[in-house]
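K.L.:
Sequence lines, in order, name chains A and B.
Note that the working numbering gives residue 43 to position 43 of the first sequence, counting from 1, and the numbers run on in steps of one.
Note that the working numbering gives residue 68 to position 68 of the second sequence, counting from 1, and the numbers run on in steps of one.
Hints were generated in silico from the structure; no laboratory data involved.
Honestly, I wouldn't trust all of these hints.
Unchecked claim - Lysine-lysine pairs mimicking DSSO-like chemistry, simulated, CA-CA at most 27 Å apart:
| id | chain 1 | residue 1 | chain 2 | residue 2 |
| --- | --- | --- | --- | --- |
| 1 | A | K462 | A | K401 |
| 2 | A | K682 | B | K184 |
| 3 | A | K148 | A | K178 |
| 4 | A | K401 | B | K184 |
| 5 | A | K614 | A | K275 |
| 6 | A | K133 | A | K543 |
| 7 | A | K572 | B | K281 |
| 8 | A | K136 | A | K263 |
| 9 | A | K356 | A | K682 |
| 10 | A | K103 | B | K184 |
| 11 | A | K466 | A | K524 |
| 12 | B | K184 | A | K572 |
| 13 | A | K621 | B | K34 |
| 14 | B | K239 | A | K572 |
| 15 | A | K103 | B | K3 |
| 16 | B | K90 | A | K614 |
As the list claims (entries may be wrong) - Covered, in the sense of this in silico footprint (three residues per stretch, anywhere, with C-beta under 8 Å from a C-beta of chain B), are these stretches of chain A:
| id | stretch |
| --- | --- |
| 17 | 80-88 |
| 18 | 317-330 |
Cβ coordinates follow ideal geometry from the N, Cα and C atoms, glycine included.
Residues per chain, in single letters:
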Amino acid sequence: MKDISRSVPKEDHDEKVSGRALYASDIQMADMHYAKTIRSDRPHARLVRIEYPTLPDGYIIVDHTDITGANHVNMIFEDWPVFAAGVVKHVGEPIALVCGPDKQVIQSICEQVVIEYEDLEPVFEFQDSVVQKAFKKGDPDTAFSQAKEIVERVYETGYQEQAYIEPQGFVGYLEGEKKVTLIGSIQCPYYVKNAVMKTLACDPDDVRVIQAAVGGAFGGKEEFPSLMACQLAVAVLKLKKPIKMIYEREEDMIVTTKRHPSKTTMTAALDETGKVLAIKAHVALDAGAYIGLSGVVLSRAMLAVTAAYTIDHLDVSGDVYVTHTVPNGAFRGFGAPQMIFAIEMFMHHLAKHLDKDPFDFRKAHQAKQGDKTATSGIFRDPILMDAMIEKATNMSDYHRKVKAYAAPNVYRGIGMSWFLHGCGFTGSGESDHIKAKVRLRKTEKDHVYVLVAAVDMGQGAKTTLKKVVVETLGVPYHQVTFDHPDTDDVPDSGPTVASRTAMIVGGLLSQAAQTLKETWQKGKEQVVEKRYRQPDFVVWDEKHLRGDAYPAYSWGVNIVEVSVSPVTYDVKVENIWSVYDVGKALDERIVIGQADGGIAQGVAYGYLEVMQHKKGTIQHKNMTDYIIPTSVDMAPTETVIFDNPYALGPYGAKGVGELSLVGGAPAVALAIEQAIGRPIHKIPATPEMIMELIRHETT
Amino acid sequence: MVKHVIPESYREALIHLRDGDFHIVAGGTDIMLKYRNEADLPPKFDRDVLYILNLDELKYIQSEAHVWRIGALTSYEMLLDHPDLPEVFKAAWLDIGGPGLRHVATLAGNIANASPAADGIMPLYLYDAQVVLESCGGSRTVPIEAVITGPKQTAIASHEMIREIIIPKHPFNVTQWLKVGTRKADAISKVSFCGAAHVEPGVIHELRFTLGSVAPTVIRARDIEGSLKGLLISELKTKTAFVLNAYSERIQPIDDQRSNKHYRHQVALNLIEDFMTQLIKEG
């Protein structure tokens with residue numbers, strides 16, 4: 001049997017390289033109209049009066065009074081308005097759309113709108129908790145009471161912007177009298193469809209959502225597009241013309257969701273030998289103005305509390321705080337990067353505190369197959385971390401470098417992170433909420449269509465999912481087609497998030513392909529559907545966050561080597577080594593692509609990407625001021641993929657998408673910590689912060 | 001409606017400038033950002049626009065006995081391709097934007113834009129460069145420091161344009177350029193530094209520094225430099241504290257979204273100290 005990992009040409013390679021791929025802004029239609037959003041410029045205020053200029057013929061204003069259904073975006077928490085009604089809670093909050101045929105005229109109308117506000121007190125601190133979660137493992141209270149020593153540290157992380165290639169955007173138009181079709185830059189076609197149905201209070205048949213080519217999303221196009229789509233759908237029904245709404249880059253960076261800033265307090269109970277008996281952890285997330293998905297992000301963060309270690313007694317809690325800032329949301333890693341940063345730094349700092357070798361200290365706490373997870377589930381599958389860590393340390397010459405860089409005034413450092421990422425939705429999310437369904441349709445000409453709602457946003461889903469079908473059926477590639485999902489054609493296989501696409505959707509497709517192969521009737525139209533069933537061994541108590549949070553885990557090791565200039569305090573990332581266990585790579589080149597991009601984004605989160613708000617207004621609102629790494633900033637990477645096939649994954653595949661991001665920040669932060677000889681408790685570790693640490697100006 | 005004019009010759013460009021009030025667009029890499037509009041809409045120019053990038057007669061690099069002459073529309077990539085221009089210039093220019101930008105951006109545009117964070121002009125201050133400003137009424141040659149009068153402000157009259165830049169040749173044998181942009185390409189300087197020294201066995205004939213992004217315009221302090229002339233290298237160490245102190249008073253950085261004044265101040269001083277330390281070390 002040939003190895004599934006052997007790379008094939010990327011399915012969307014030609015259309016993207018040639019420029020033929022149609023992104024939302026490339027779509028042209030006869031009689032195209034445009035929409036621009038009128039936004040709040042206050043962090044918190046009552047809307048007293050809005051005065052619009054006299055509108056020329058063909059131009060309309062669309063606001064909350066035009067909504068026929070619910071004025072909130074359909075998400076887990078239904079607190080996020082489609083259009084502000086009466087009050088605004090963050091700078092950039094949408095109040096209305098101006099729509100019409102000429103963008104210049106629309107711009108001029110927007111400039112003439114006068115909004116009278118009554119300012120209310122804004123909150124920017126962690127003070128208004130709106131979601132609280134907690135779980136325990138073992139008996140942390142007893143462990144703490146028996147501790148020889150208790151050590152506490154606080155870790156903070158900042159915003160991160162997804163910085164996808166093209167800003168958010170949609171084209172919407174009417175089909176017939178009342179059916180609204182929306183083509184957009186999205187990750188989750190059915191999230192968009194369901195949200196629009198709620199806002200329009202209409203039938204499923206009256207909303208159609210089609211994915212345009214997507215040049216990166218990173219979670220940024222998980223829930224935010226639903227907001228735009230709801231607004232645009234209302235506008236399309238009112239104006240009865242095709243409307244294009246594409247954000248400018250600055251607008252996008254000011255108003256769209258970002259990674260939650262966090263503050264995590266880690267407390268360890270240590271025994272007389274210096275082993276960690278128990279950990280108490282509290283994570284605080286800044287949701288921004290509306291909760292949206294923040295509660296789920298909080299769960300992911302909490303569940304990652306012990307990362308790649310096993311600690312027998314845990315007391316874990318978390319709060320989501322609302323502030324009068326831009327709502328934060330999904331971002332590759334989904335809460336895990338914040339927690340993995342905290343635990344990895346904490347384990348290192350504990351070792352330093354105990355005057356132990358950090359490597360040995362971490363090894364002594366490493367998770368093994370059969371151990372209880374943080375939520376008292378079980379690590380059922382083999383864990384290859386011993387071999388992976390050995391591989392990574394050998395590749396990077398880690399042990400020699402750690403010693404060499406410990407000398408004073410070397411200004412070089414090497415840092416290592418160990419981590420895991422749960423694959424698929426948390427707990428019973430897949431079986432209770434998503435209930436994924438996939439379909440294969442074979443035509444009379446024996447051509448097979450892959451019908452799923454999974455979106456290729458650059459990560460290669462089109463290639464890998466099609467490959468699963470092709471290889472299982474044993475047919476040539478040209479006999480199978482995977483078009484951009486269109487909700488009129490594809491069943492709801494769930495959103496393209498949570499490292500679930502390869503494992504869950506791919507798994508269902510391989511089952512469907514197997515069935516189709518077994519029942520194949522030449523020259524006959526055939527349809528095969530498969531629906532997700534939770535593996536029997538997964539038992540999850542959502543209320544108490546107890547049991548198997550995920551059916552499977554992907555694992556990773558990152559090692560980052562840096563030099564720091566004692567003159568400018570700039571960090572240069574010299575080398576990056578990574579070892580991953582993703583079960584089985586469905587396509588090696590695609591996994592390496594994911595790994596290179598993920599580590600670039602994860603490392604940059606740790607030292608480079610600064611985003612802040614000033615009284616609720618985002619200050620880093622373009623790619624000049626928001627520093628993401630360029631190709632010349634990127635260090636050489638060496639990545640090794642371990643095979644560790646997961647029984648229920650297609651060809652053994654587990655999750656891939658998020659794994660390569662979550663360990664980047666602690667690895668680079670630990671490397672910087674060694675280079676400057678000062679502990680780091682906060683990321684990004686900017687040159688400004690490094691200067692203060694080196695010059696002893698902060699504690 | 002603003003008028004968009006593309007002259008066929010330099011002479012014609014000067015006549016337009018005499019008769020009207022124009023924004024001049026060379027490479028356009030600053031001005032097109034300043035007046036940019038939403039996608040699909042024309043830029044929001046508030047005056048007529050004169051596009052001059054096609055004027056090949058202003059694209060040249062001439063080497064004379066004591067000076068270099070650089071035509072106003074010579075792109076950075078043309079300058080970088082030249083085999084003989086001083087290294088410190090090339091090092092600074094290579095740190096501007098990315099390759100695409102450098103193929104159209106011009107040194108004259110960097111002067112006219114007068115940004116306190118401009119990288120391209122830093123070595124001009126170091127070398128006492130002069131700028132030839134021309135109009136239909138004639139030309140005048142002005143030192144770079146007198147052309148740039150403040151952030152985004154110049155002494156260039158509306159009927160004038162930059163014709164060429166004159167760079168004197170100097171026998172510097174140690175030079176350094178360093179840009180602190182945190183990212184290695186497509187970055188705007190937080191702090192930038194140029195240093196040049198003419199050192200002959202043990203003696204400092206000339207030691208110059210320029211600092212960018214830490215004051216309204218590029219800092220060059222001839223008085224401080226003057227006090228170092230003629231020193232023995234072995235004496236330089238005793239002068240370090242004095243030099244840092246003297247520059248410290250002239251560095252007036254700001255806080256902005258890219259950095260803070262505390263960092264900019266400290267790093268500017270570090271860069272001076274580092275350059276002096278290297279000189280001392282190399283003797």
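K.L.:
Compare the structure with each hint and give your call.
P.N.:
Do the hints match the structure? See the list:
1. A:K462 with A:K401: 41 Å, violated
2. A:K682 with B:K184: With Cα atoms ~23 Å apart, K682 of chain A and K184 of chain B stay inside 27 Å; holds.
3. A:K148 with A:K178: 70 Å, violated
4. A:K401 with B:K184: Roughly 25 Å separates the two Cα atoms, so the pair holds.
5. A:K614 with A:K275: At roughly 43 Å apart (the allowed maximum being 27 Å), K275 of chain A and K614 of chain A break the hint.
6. A:K133 with A:K543: Measuring from Cα to Cα gives roughly 9 Å; hence the hint holds.
7. A:K572 with B:K281: Distance ~25 Å between K572 of chain A and K281 of chain B Cα, so the pair holds.
8. A:K136 with A:K263: Satisfied, since the Cα-Cα distance of roughly 20 Å is no more than 27 Å.
9. A:K356 with A:K682: The hint holds at about 23 Å.
10. A:K103 with B:K184: Between K103 of chain A and K184 of chain B the Cα gap is close to 37 Å, so the pair fails against 27 Å, i.e. violated.
11. A:K466 with A:K524: Holds, at roughly 21 Å.
12. B:K184 with A:K572: 9 Å, holds
13. A:K621 with B:K34: 15 Å, holds
14. B:K239 with A:K572: Violated, at about 32 Å.
15. A:K103 with B:K3: 21 Å, holds
16. B:K90 with A:K614: 38 Å, violated
17. 80-88: As far as the stretch 80-88 of chain A goes, the hint is violated, because 0 residues have Cβ atoms under 8 Å from chain B.
18. 317-330: violated (count 0)
Hint check: violations occur at hints 1, 3, 5, 10, 14, 16, 17 and 18; the rest are consistent with the structure.
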